[in-house]
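Colleague: Listed below, chain by chain, are the residues.
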Amino acid sequence: MHDSEPAETPEPAPAADTAAAPTRSAARRRSAAATRLSVTGVLGEILVTAGVVVMLFLGWYMWLNDITAGAEQQQAAEEVQQELQEQWERGESTAERPVDPGEPVISAAPAEEGEVFGTLIVPRFGPDWVRSIASGVDVKTVLNSYTVGVGHYTQTQMPGEMGNFALAGHRRTYGAAFGDIDKLRLGDRIYVETVDGWYEYVFRGLEYVWPTGVEVLEPVPAAPGVAPTDRVLTMTSCNPRFSTAERIIAYAVYETWYPRADGPPEELSGVVQARG
Amino acid sequence: MYAALWRILPGPVWVRILIVIVLVAVVLVVLVEWVFPWAADTLLPQDSTVGG
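Chains as they are written, first to last, in our numbering: chain E, 1 to 276; chain F, 277 to 328.
In short, the hints are calculated from the structure, not lab data.
The reader is advised that the hints may include incorrect statements.
Said to hold, decoys possible - With a straight-line Cα cutoff of 20 Å, these simulated SDA-like cross-link-like pairs (lysine to any residue) come out: (1) E:140 with E:154; (2) E:183 with E:267; (3) E:140 with E:111; (4) E:140 with F:310; (5) E:140 with E:244; (6) E:140 with E:62; (7) E:183 with E:123; (8) E:140 with F:321; (9) E:140 with E:110; (10) E:140 with F:327; (11) E:183 with E:127; (12) E:183 with E:208; (13) E:140 with F:312; (14) E:140 with E:172; (15) E:140 with F:300; (16) E:140 with E:61; (17) E:140 with F:319; (18) E:140 with F:299; (19) E:140 with F:317; (20) E:183 with E:124; (21) E:183 with E:110; (22) E:183 with E:206; (23) E:183 with E:126; (24) E:140 with F:314; (25) E:140 with F:318; (26) E:140 with F:277; (27) E:140 with E:67; (28) E:140 with E:71; (29) E:140 with F:309; (30) E:140 with E:114; (31) E:140 with F:320; (32) E:140 with E:123; (33) E:183 with E:209; (34) E:140 with F:311; (35) E:183 with E:246; (36) E:140 with F:322; (37) E:140 with E:155; (38) E:183 with E:242; (39) E:140 with F:315; (40) E:140 with F:308.
Please model the entire structure based on the sequences and the hints provided.
Modeller: This is the structure we're talking about:
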C-alpha cells in the first residue's frame, strides 16, 4: 500500500492530455443520445422541478412572506400614525366629548368595513411594533392585507368604550401580526391609538377556545347577556402556530387614556420622537 | 428537457449561463409575485377569527 502510492500519484498529470480526447468525444456521443427526449426523462425533470417549487413555496409561506409582509405592515402603520396626527390637527375627530371629563373619549365606529381607524402598539412584540387596525375581520382585505394585518370585530365596542374592543390577527403567515401573542406577560401595556389619543390597556391573561368560541367577543367576555362594568381589549389569533384547530385569546383591561393634545404616553414618546 | 433547453440557448458557455440566470430570476419573480400568493389564498386558507 505505502509503496504503490508514491508511484501512482504523478500519473494523472501526463495522462490528462491523452485521456481528454476520448472523454470529450464520449461526452459528444452522450449528448447526441440525450437529444432524443425520452418520456421518463422529461417526466422526471418535471417532477423534480415541481418538488423544488413546492419547497420554495413553503419557504416563502412560512418565512420570507412573514418578513416582507410584516415590514410593509409596519411601514403602513407608521404612515397611519402620521395621518392620525394630521387628522387631529385639522380637527377631524369623530368623537363626542364625554360628560364626565375623567371618561375616555370614544371615537365613532368607521362607516365602512376595511377602513383603517387606528393603530395597535404592543411594546412586547418589539420596541417600535405597530400595526394598523381596520374595521372588520375580513380575511382577504384586512387580515391578509400587506398594509393592515389587524381587524376589529365590528359587532364589538370601540377603544375605551365600556364593554369589549375585540381584534383579530394572524398567528403565522401574512406578517403574523399576533405571532408573539403567547409571549405577552402580566402587566404588559397594550396601546390603541386613534385620532383622539392613546388608550392604555394592561394585559391580564390568555385563554384557549374552539374556533366557534364567539362568547369571547361579548361585552363581558364569556358571559353573554351580562351588562359590562369594565372596558376590555380582546385579541384573537390561531393556536397552535401553523394550525387553525384552536383560537388563542388575550385579554387586557383598560387602564387610562391620553388625549392627543397632551402627547403620547411616556412609554411611547421615545418611539414617536425618534421617528420625527 | 433541461439538456435540450441548454442546447437551444445561443452563444458561448458564459452567455448561456447568463441567460439561464436571467430565466431562473424571471421564474422566481413570477412565482413569488403571483403564483405563491394565489396558491396560499386558494390552497391554505387562514382564519384567525372566532365564529368566522
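Colleague: Against this structure, judge whether each hint is valid.
Modeller: A quick look at each hint next to the structure:
no.	hint	verdict
1	E:140 with E:154	holds, 16 Å
2	E:183 with E:267	holds, 19 Å
3	E:140 with E:111	holds, 19 Å
4	E:140 with F:310	holds, 15 Å
5	E:140 with E:244	holds, 16 Å
6	E:140 with E:62	holds, 18 Å
7	E:183 with E:123	holds, 11 Å
8	E:140 with F:321	holds, 10 Å
9	E:140 with E:110	holds, 19 Å
10	E:140 with F:327	holds, 16 Å
11	E:183 with E:127	holds, 14 Å
12	E:183 with E:208	holds, 14 Å
13	E:140 with F:312	holds, 15 Å
14	E:140 with E:172	holds, 15 Å
15	E:140 with F:300	violated, 30 Å
16	E:140 with E:61	holds, 16 Å
17	E:140 with F:319	holds, 14 Å
18	E:140 with F:299	violated, 31 Å
19	E:140 with F:317	holds, 8 Å
20	E:183 with E:124	holds, 8 Å
21	E:183 with E:110	violated, 31 Å
22	E:183 with E:206	holds, 10 Å
23	E:183 with E:126	holds, 11 Å
24	E:140 with F:314	holds, 12 Å
25	E:140 with F:318	holds, 11 Å
26	E:140 with F:277	violated, 38 Å
27	E:140 with E:67	holds, 19 Å
28	E:140 with E:71	holds, 18 Å
29	E:140 with F:309	holds, 16 Å
30	E:140 with E:114	holds, 10 Å
31	E:140 with F:320	holds, 13 Å
32	E:140 with E:123	violated, 27 Å
33	E:183 with E:209	holds, 18 Å
34	E:140 with F:311	holds, 16 Å
35	E:183 with E:246	holds, 17 Å
36	E:140 with F:322	holds, 10 Å
37	E:140 with E:155	holds, 19 Å
38	E:183 with E:242	holds, 16 Å
39	E:140 with F:315	holds, 13 Å
40	E:140 with F:308	holds, 18 Å
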